[in-house]
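Asks: Mind docking these for me? Both chains are given alone in their own frames, and the hints should help you get the complex.
The listed protein sequences derive, respectively, from chains E and V.
Under this note's numbering, the first sequence has 28 at position 28, and the numbering climbs by one with no breaks.
Positions in the second sequence are counted from 1; adding 1000 to them yields this note's numbering.
Just to be clear, a hint being listed does not mean it is correct.
[What the hints assert, rightly or not] Label pairs and their calculated CB-CB ranges:
1. E:Ala76 <-> V:Met1001: 42 to 50 Å
2. E:Lys45 <-> V:Asp1092: 51 to 59 Å
3. V:Thr1266 <-> E:Thr3: 54 to 62 Å
4. E:Phe162 <-> V:Met1001: 53 to 61 Å
5. V:Thr1172 <-> E:Phe17: 44 to 52 Å
6. V:Ser1192 <-> E:Val26: 26 to 34 Å
7. E:Lys34 <-> V:Val1132: 32 to 40 Å
8. V:Lys1221 <-> E:Ala105: 35 to 43 Å
9. V:Leu1201 <-> E:Lys45: 32 to 40 Å
10. V:Ser1173 <-> E:Pro154: 44 to 52 Å
If you're looking for bench data, these hints aren't it; they were derived computationally from the structure.
Virtual Cβ for every residue (Gly too), placed ideally from N, Cα, C.
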Amino acid sequence: METWVILLIVAGVFLLFLITGYNRLVRLRNDADKAFATIDTMAKKRYDLIPNLVATVQKYMEHERGTLTEITELRAKAMSGNLSDNEKVELNNKLGRAMGNIMIAVENYPELKANQNFLQLQGSLNEVEEQLSAARRAYNASVTDYNNAVQMFPSNVFAMMFGFKAKALFEISEKERQNVDVKALFNS
Amino acid sequence: MKTIHEFENFFNNNMFDDLSALEERRKRILKFAILAYLVVFVGVALSFFLAFLFCFEGNCILFAIIGGIAASIIIGVVIFYVNGRDKEFYLDFKEKVIHAVIKFISPDLEYNAKNYIGLDTFQRSRIFTKRVDRYRGDDMVEGKIDKTHIWFSEVHAEYKQTTTDSKGRTKTSYHKIFKGLFFIADFNKHFSSSTVVMPNLLGKSGIARFFNKMSPGRHEKFVSLEDPDFNKYFVVYGEDQIEARYILSTSLMKRITDFKQKHKNTIYLSFVNSFLYVGISYSKNLFEPSYFKKLTRFEIVKNYFEDVQLAISIVEELNLNTRIWTKQ
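Next up, chain V with everything else stripped away, as it sits in the complex (with noise of 0.2 Å):
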């Protein structure tokens, strides 16, 4: 595993030309974003005032504001979309910044920028019951450390909701089911049943147990293990109870425990035909360019660093490589 010191040379010696010509870009587009807004700004408030100094006994209000108003965005849109606009910033940052990462932890990583982890993959893990509407990612990354063949992407699922008002009116919103990085690996031992590993949100009380033991919406039924520590954070459902214990040896639930108190963020783990799939909650969108924060920073970058390294150490944390077992 590479380590923050070594990245920070890479980033020195390695990222740093590539880094200073995309944030003159970035100056430039942020630059060209405000001077529009400005002349948007300016012009409402210019029609709005030669409205009331000219036209105030006059019908030409209305049209003076329009006018004004239409004039302005129209100007503002312009200066943008003729000075300010670089379409292809967005695709060259993916490909010098966060390429460039991923290369640097490991050579044997492919990545896309456009494509991510299907809909029917992220089904498959059976960790979401809820029917999935709207469904989105981006910064797929998949290759092999070492034995272990590994996929992640970022993605965005939501279902739907329709709300009729007393007055008849229908409203459709889109709430979340998951989003974050979505990462599947090909498990070092055979099984064939599937198991999930829930985040427990309900405590370890007796009430909590007995709520958790109902799993609602799963056909799989509540594993009781035997780890404390593991417990305190996680629900166990199995569709085997003796292949959910098969997987979920006693050192695999120290290993999550231990990944899960070096992270805040909400995980999700399951075991289906012999594939790991693991979703870790983000709130952020990953892997973006931030038009307000200096890309040569290494605290900026740092971060991106950080994200991939995270996905990539479940290998290494859950020591995914140990093929001790018939499974090669």
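In isolation and in its complexed conformation, chain E is listed as follows (with noise of 0.2 Å):
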């Protein structure tokens, strides 16, 4: 009888553990997912400021139409959907890299620079930038945690049961990891 007792505490305890441990990984992966999805937000922020860029520029940049016409198309690519999310960051870093140049060939134009529309432009350019690497890197810092999670003991015994992963992190490029600092590239 008594044995009985000891043996249903132990399952009792196990179970409790094997509850709170995978709801912990739950919770971990759907903060990670939340993370991603802010990503999102962030990127189309910046798709919103494309079309208003692209116009404020082309007037001005006779050699860079071929560029201005990757990042409208680059745009509407990443908008149509259907896009899985390791497409979803191969386009954002395209578009990134193709602004990126935009925001250099400008120096060629000085009008273009003393244009308050494109000034005010570039400004919330540069905030969305940033706003974005700060997505990326609160993605990564929940990524950690979930990955942390899923290879640590005994939470890997769980993950392992039920089938959970460890994900990747975002590649923070070495120019990200300086300040997002348009202007500083045109002083240099």
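Replies: Below is the structure:
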């Protein structure tokens, strides 16, 4: 009779462990997903700025027509939906690079640099870029928490049982590690 | 930014005459204070001696001692008040030394010796969560450094503690929450949530991280940041995980770490409603004259310059004049 009671208690404690361990993994995974969704939101803010930027800039920029068309196409593709997470990341990286090129090319157009509308856009763009970078860093922080839980004992046992897999981190580029400072690029 | 060398020139060319005059007054005050103390000391000793000598067997011992002490204290105080007291010395010192130093650093800064950062502003920073029961301050500085509006003053915030011993007697004492320079600047980015950067008192171990994560007494949540040097010195709590990282960009974390490494003082920072608040702890009273140190020595006045410069340098060190975002 007593052995039964002890077995029951052990089983109860084990079950409790299982439930809390499982719930923790789910919570961490949801946090990471939520952080990924925020990156999406920030990326959308960037998409919203693009038509305005292109409209302002193309009157002045004769030689960057190709890049501007590329930006418009990338934006259209990124907004079309039905993309996997990896495709989204890839598109956004390309978009970021193309826009960076435009911002550097501005140096050759003094008239554009004096345009109030453009300066305003440039400020907004810097803001969005840095928010995007903040969102990526927040994502990395929550993925690190999640990955720790998936790989560390004892939660890794539950992770294996229920099929939780480690997620990949965003690679923060060397440029991003510096402050996103478009103006500094111009001054150099 | 003005260098110490430039300040030395300014000290020699523009401040020295005023300081010499102040130095004369300081010496006089000190001389009469010493004289007054001496009179009191001799008077007290003498009254004991006389009581011992003449009244040993009578009842006049108590009378003689009390009378003698009272008389010598009165004489001492009179000497000091008539000859040594210089009511204006303190205010003249602030005007001719501290004000001059501040105007030298930047003519755009305004100084008010009696004013200070208000309690409501101090609390708005959300750095300190304890109830403030006593709050004082002085030496308010306000103005613009290029594009950034700044305010700072010395403040001293304390909380009250009442204890009751076994006999039922209650004792009230005041304890420090913060004492030092409190600095506010208009930050270069827009944000609406609050992010608080506290000194990391526990270190970087797993247990330390666990306790830091609990954020006792705070509604802001722990923000885990990537910079290991920064994490060695600071713990961050924020209402919004992304906005906290938007404010504390990798470059700002590096700048804050560099600033911390240059100064031994405990440093607190917070970012609330587009304002930056910085608390720099000091144990000494700032911008006060010392009656025992020669005012005309450059080493003494240099300290005032360095203390003001430290506050002003926050603008440059944290790059607050870079306005590349939408906030101008």
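Asks: Look at each hint and say if it fits the structure.
Replies: A quick look at each hint next to the structure:
1. E:Ala76 <-> V:Met1001: 42 to 50 Å: Check passed, 49 Å falls within 42 to 50 Å.
2. E:Lys45 <-> V:Asp1092: 51 to 59 Å: holds, 57 Å
3. V:Thr1266 <-> E:Thr3: 54 to 62 Å: holds, 59 Å
4. E:Phe162 <-> V:Met1001: 53 to 61 Å: holds, 58 Å
5. V:Thr1172 <-> E:Phe17: 44 to 52 Å: For Phe17 of chain E against Thr1172 of chain V, whose Cβ atoms are near 50 Å apart, the range 44 to 52 Å holds.
6. V:Ser1192 <-> E:Val26: 26 to 34 Å: About 30 Å separates the Cβ atoms of Ser1192 of chain V and Val26 of chain E, which means 26 to 34 Å holds.
7. E:Lys34 <-> V:Val1132: 32 to 40 Å: Because 37 Å falls inside the window, the suggested range holds.
8. V:Lys1221 <-> E:Ala105: 35 to 43 Å: Taking Cβ atoms as reference, Lys1221 of chain V and Ala105 of chain E lie about 42 Å apart, which means the hint holds.
9. V:Leu1201 <-> E:Lys45: 32 to 40 Å: holds, 38 Å
10. V:Ser1173 <-> E:Pro154: 44 to 52 Å: Hint holds: Cβ distance 48 Å, inside 44 to 52 Å.
Hint compliance for this structure: no hint is broken.
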